[in-house]
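Participant: As given, the protein sequences belong to chains A and B, one line each in that order.
Going by my numbering, 253 is the number at position 253 of the first sequence; the sequence numbering is gapless.
Quick note: to get my numbering, add 308 to the position in the second sequence (first position is 1).
Worth flagging that the hints you see were computed from the coordinates, not collected in a lab.
Every residue, glycine too, gets a C-beta built ideally from N, C-alpha and C.
Incorrect hints may have been included.
[Said to hold, decoys possible] Here are the simulated distance ranges between beta carbons:
#1 R71/A - R485/B: 50 to 58 Å
#2 P222/A - V444/B: 32 to 40 Å
#3 Y201/A - T328/B: 40 to 48 Å
#4 L441/B - V115/A: 27 to 35 Å
#5 P570/B - M139/A: 42 to 50 Å
[Stated by the list, open to error] For the chain A half of the interface with chain B, some residues (derived, Cβ under 10 Å), not all of them:
#6 F46
#7 M50
#8 M163
#9 F217
#10 P255
#11 A256
#12 A267
#13 G282
#14 T288
#15 N293
[As the list claims (entries may be wrong)] Counterexamples of contact, computed for chain B against chain A with all Cβ distances above 10 Å:
#16 Y371
#17 P449
#18 F451
#19 V453
#20 F460
#21 T521
#22 M577
#23 L583
#24 V588
#25 V595
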Amino acid sequence: MTTNTVSTARLTDSKDVQEVVAKRSVWKDAMRSLYRSKAAFISAIFLLLMVIIALSAQWIAPHDPQGIDIRNRMLWPVWTDANSNPMYLLGTDALGRDILSRLIFASQMTIVVAVSAVIVSGLVGVFMGLISGFFGRWMDAVIMRLADLQLAFPSLMIGLIVMSLIGSGVMELIFVIALTQWAYYARIVRSEVIKVRETEYVQASRALGASNLRLIFKHVLPNALASMLVVASFTLAIAIYYEASLSFFGLGIPPAIPTWGNMISDARDVMLRNWWFALFPGLAITFTVLAFNLLGDWVRDHFDVKAE
Amino acid sequence: MFYLLNRILQGLIVIAAALTLAFLMLFVIGDPAMMYVGPDASPAVLEEYRRNLGFDRPMIVQYLDFIGSAAQGDFGVSYRHRTDVVPIIGERLLRSAELALPAMLLAAIVSIPVGVISAVHRNSWIDYVARFLALVGQAAPNFWVGIMAILFFSSTLGILPSSGRADPGSPILEQARYILMPMVILSLMPMAYLTRMMRSTVLEVINEDYVRTARAKGLSEKKVIYVHALRNALIPYITLYALQFGWILAGSMVIESVFAWPGFGRLLMDSIRMLDIPVVAAGLTTVAALYIGLNLLADMLYTLLDPRVVNR
Chain A
1 MTTNTVSTAR LTDSKDVQEV VAKRSVWKDA MRSLYRSKAA FISAIFLLLM VIIALSAQWI
61 APHDPQGIDI RNRMLWPVWT DANSNPMYLL GTDALGRDIL SRLIFASQMT IVVAVSAVIV
121 SGLVGVFMGL ISGFFGRWMD AVIMRLADLQ LAFPSLMIGL IVMSLIGSGV MELIFVIALT
181 QWAYYARIVR SEVIKVRETE YVQASRALGA SNLRLIFKHV LPNALASMLV VASFTLAIAI
241 YYEASLSFFG LGIPPAIPTW GNMISDARDV MLRNWWFALF PGLAITFTVL AFNLLGDWVR
301 DHFDVKAE
Chain B
309 MFYLLNRILQ GLIVIAAALT LAFLMLFVIG DPAMMYVGPD ASPAVLEEYR RNLGFDRPMI
369 VQYLDFIGSA AQGDFGVSYR HRTDVVPIIG ERLLRSAELA LPAMLLAAIV SIPVGVISAV
429 HRNSWIDYVA RFLALVGQAA PNFWVGIMAI LFFSSTLGIL PSSGRADPGS PILEQARYIL
489 MPMVILSLMP MAYLTRMMRS TVLEVINEDY VRTARAKGLS EKKVIYVHAL RNALIPYITL
549 YALQFGWILA GSMVIESVFA WPGFGRLLMD SIRMLDIPVV AAGLTTVAAL YIGLNLLADM
609 LYTLLDPRVV NR
């Protein structure tokens with residue numbers, strides 16, 4: 001769902017930049033273009049801050065995220081000034097746990113799930129794509145039909161069904177997200193293999209005795225990298241979205257672990273008038289997904305990747 | 309023609325695969341006869357049921373029987389409802405359509421004009437607001453938006469019912485009050501996506517030669533945009549629009565659960581959680597068939613609308 005449109009404005013911008021600074025390194029070039037694209041730059045800063053907060057949660061969080069304080073239950077956020085306590089900035093939940101601290105600690109799980117999902121789906125996808133592209137014939141047919149089959153169902157639905165069959169858990173969730181995403185990487189790598197195999201310089205290098213492995217690491221993967229980066233940034237967004245959705249329905253991360261999805265799920269039973277239980281975790285999800293989407297748009301524009 | 313046949317064949321293969329998965333699911337979660345009679349039944353009763361339901365036959369026979377009956381629209385009996393699966397699914401699909409069809413209509417009504425205005429007045433404040441809202445609409449989890457809407461419109465303002473569906477006999481206006489909130493929230497995701505697509509296709513089309521020609525021959529700007537540019541931009545839009553119905557299927561699982569709407573999505577969700585596998589099997593097959601049908605429809609629309617795309 002997070003396939004996005006190419007912003008033509010930025011596309012031309014980045015091309016100009018590329019021409020002007022043709023001699024600069026790819027890295028410097030990318031940084032400059034990122035800085036120029038306001039939305040992507042702000043997103044990058046936001047995500048960087050989030051990672052820092054998640055890594056230093058123990059020192060930053062004002063309270064124990066699991067610390068129950070019955071005397072301070074259901075406190076309002078400070079600025080609403082109705083039955084609030086300045087010790088608890090964003091208020092407390094039904095058990096008196098500090099909402100801000102839970103938000104901060106939940107970001108750890110969000111990052112773990114999202115990054116692992118990208119790594120697993122990327123590795124599986126690259127592997128399948130390489131097999132498909134190099135061996136061809138029936139291997140190719142089987143793998144590509146498998147990908148078609150998987151893309152023939154709404155991926156959130158696959159997630160819900162598989163999670164209810166195998167049970168909830170962190171590993172299970174990562175597996176399920178990877179299951180719904182690997183096909184995109186496989187398709188990219190496969191088409192890159194087929195494209196590269198036909199080129200003259202590769203045929204020449206093969207004639208000189210270059211191995212498949214060399215071919216993969218020298219030609220296929222570097223060429224597929226930009227496309228895979230685009231997919232990866234959208235996978236990150238989708239992973240966060242799915243973690244929240246599945247956890248909300250009790251099928252994701254076990255409820256004892258604070259995650260943004262679980263916080264909204266907890267809020268569901270008691271929220272009647274306690275809007276802040278659900279508001280803040282929802283905002284956290286929205287902004288994080290938004291940031292990854294914007295960053296993905298920028299990667300696509302900057303590297304001029306064609307939408308598939 | 310060959311292309312179309314090929315696509316239909318591919319679709320049938322996917323449906324057959326979905327059926328196979330569904331069949332395997334029947335056995336993965338445990339003894340299917342046990343699911344009918346419950347864990348407390350005596351071994352004799354269990355054995356009797358197993359024979360009556362045909363679960364004592366060889367797997368391959370059961371498999372072929374399952375595929376054969378499914379092809380005739382028979383998916384067996386629901387563990388939970390104790391009635392035939394297919395009529396339940398049919399009824400729930402109609403209820404889902406009460407939300408899904410107005411939601412898709414709303415998505416079109418909003419996304420087309422907003423996308424065009426956004427593209428024509430590129431980088432104006434209207435464009436920025438529209439793009440920002442579309443981005444947020446794609447990023448905000450729909451179950452959360454649903455909850456916040458219930459909090460605001462039902463708990464705080466008390467103007468809309470928080471969940472459920474009105475009595476079928478009640479006046480139209482009363483029924484509409486129940487439909488309004490889940491319908492609007494269901495439409496947000498396709499609306500956001502389609503608005504962005506509309507904007508970018510109009511931006512592409514505006515630079516085409518025929519639009520320049522239309523301007524050059526002195527047509528009014530309105531005519532250039534709404535007759536020449538829009539009509540061409542609508543071709544990819546309609547294709548994507550058909551595909552968004554597929555997303556609505558997944559979205560309605562979430563939204564119908566949040567709003568306790570007795571539709572297909574909620575049925576599927578409840579059946580998955582309660583491991584009512586016959587319903588899940590039929591539901592999965594329905595989804596696969598709908599999805600493939602929509603994809604085919606989108607393809608056909610595309611070739612129909614754009615004569616430049618020749619039948620491969």
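Participant: For each hint, tell me whether it holds in the structure or not.
Facilitator: Structure-based check of each hint:
1. A hinted range of 50 to 58 Å is violated for the C-beta pair R71/A and R485/B, which are about 41 Å apart.
2. Our hint of 32 to 40 Å for P222/A and V444/B holds, since their Cβ atoms are close to 35 Å apart.
3. At about 44 Å, the CB distance of Y201/A to T328/B agrees with the hint of 40 to 48 Å.
4. Distance hint for L441/B and V115/A: a CB-CB separation of about 29 Å, consistent with the stated range 27 to 35 Å.
5. The hinted window of 42 to 50 Å between P570/B and M139/A holds, with their beta carbons roughly 46 Å apart.
6. Interface hint at F46/A: violated, since its Cβ lies 12 Å from the closest Cβ of chain B, which is beyond the 10 Å cut-off.
7. Annotation: interface hint on M50/A violated; nearest CB of chain B at approximately 14 Å, more than 10 Å.
8. Here the hint on M163/A is kept, as its CB sits about 9 Å from the closest CB of chain B, short of 10 Å.
9. Given hint, F217/A at the interface with chain B, is violated; its Cβ is 34 Å from that chain's nearest Cβ, farther than 10 Å.
10. The closest approach between the C-beta of P255/A and any C-beta of chain B is roughly 15 Å, which is over the 10 Å cut-off, so the hint fails.
11. Interface hint at A256/A: violated, since its Cβ lies 19 Å from the closest Cβ of chain B, which is beyond the 10 Å cut-off.
12. The criterion of a C-beta within 10 Å of any C-beta in chain B is met by A267/A, whose closest approach is roughly 7 Å, and the hint holds.
13. With a cut of 10 Å, the hint placing G282/A at the interface with chain B holds, because the nearest CB-to-CB distance is about 4 Å.
14. Interface hint status for T288/A: upheld, as the beta-carbon distance to the closest one in chain B is roughly 8 Å, under 10 Å.
15. Here the hint on N293/A is kept, as its CB sits about 6 Å from the closest CB of chain B, short of 10 Å.
16. For Y371/B, the shortest C-beta to C-beta distance to chain A comes to about 18 Å, beyond the 10 Å cut-off, and the non-interface label holds.
17. Not every CB of chain A lies more than 10 Å from the CB of P449/B, the least distance being 5 Å, so the non-interface label is violated.
18. The Cβ of F451/B does not lie farther than 10 Å from every Cβ of chain A; its closest approach is about 5 Å, which violates its non-interface assignment.
19. Residue-level check failed: V453/B sits 8 Å from the nearest beta carbon of chain A, not beyond 10 Å.
20. Non-interface status of F460/B relative to chain A is broken: a Cβ of that chain comes within 10 Å, the nearest being about 8 Å off.
21. Every Cβ of chain A is farther than 10 Å from the Cβ of T521/B; the closest lies at roughly 21 Å, confirming the non-interface assignment.
22. With a cut of 10 Å on Cβ distances, M577/B falls inside the contact zone with chain A, its closest approach being about 7 Å.
23. A beta-carbon of chain A comes within 10 Å of the beta-carbon of L583/B; the shortest separation is about 7 Å.
24. For V588/B, the shortest C-beta to C-beta distance to chain A comes to about 7 Å, within the 10 Å cut-off, and the non-interface label is violated.
25. Residue-level check failed: V595/B sits 6 Å from the nearest beta carbon of chain A, not beyond 10 Å.
Hint compliance for this structure: hints 1, 6, 7, 9, 10, 11, 17, 18, 19, 20, 22, 23, 24 and 25 are broken, all remaining hints hold.
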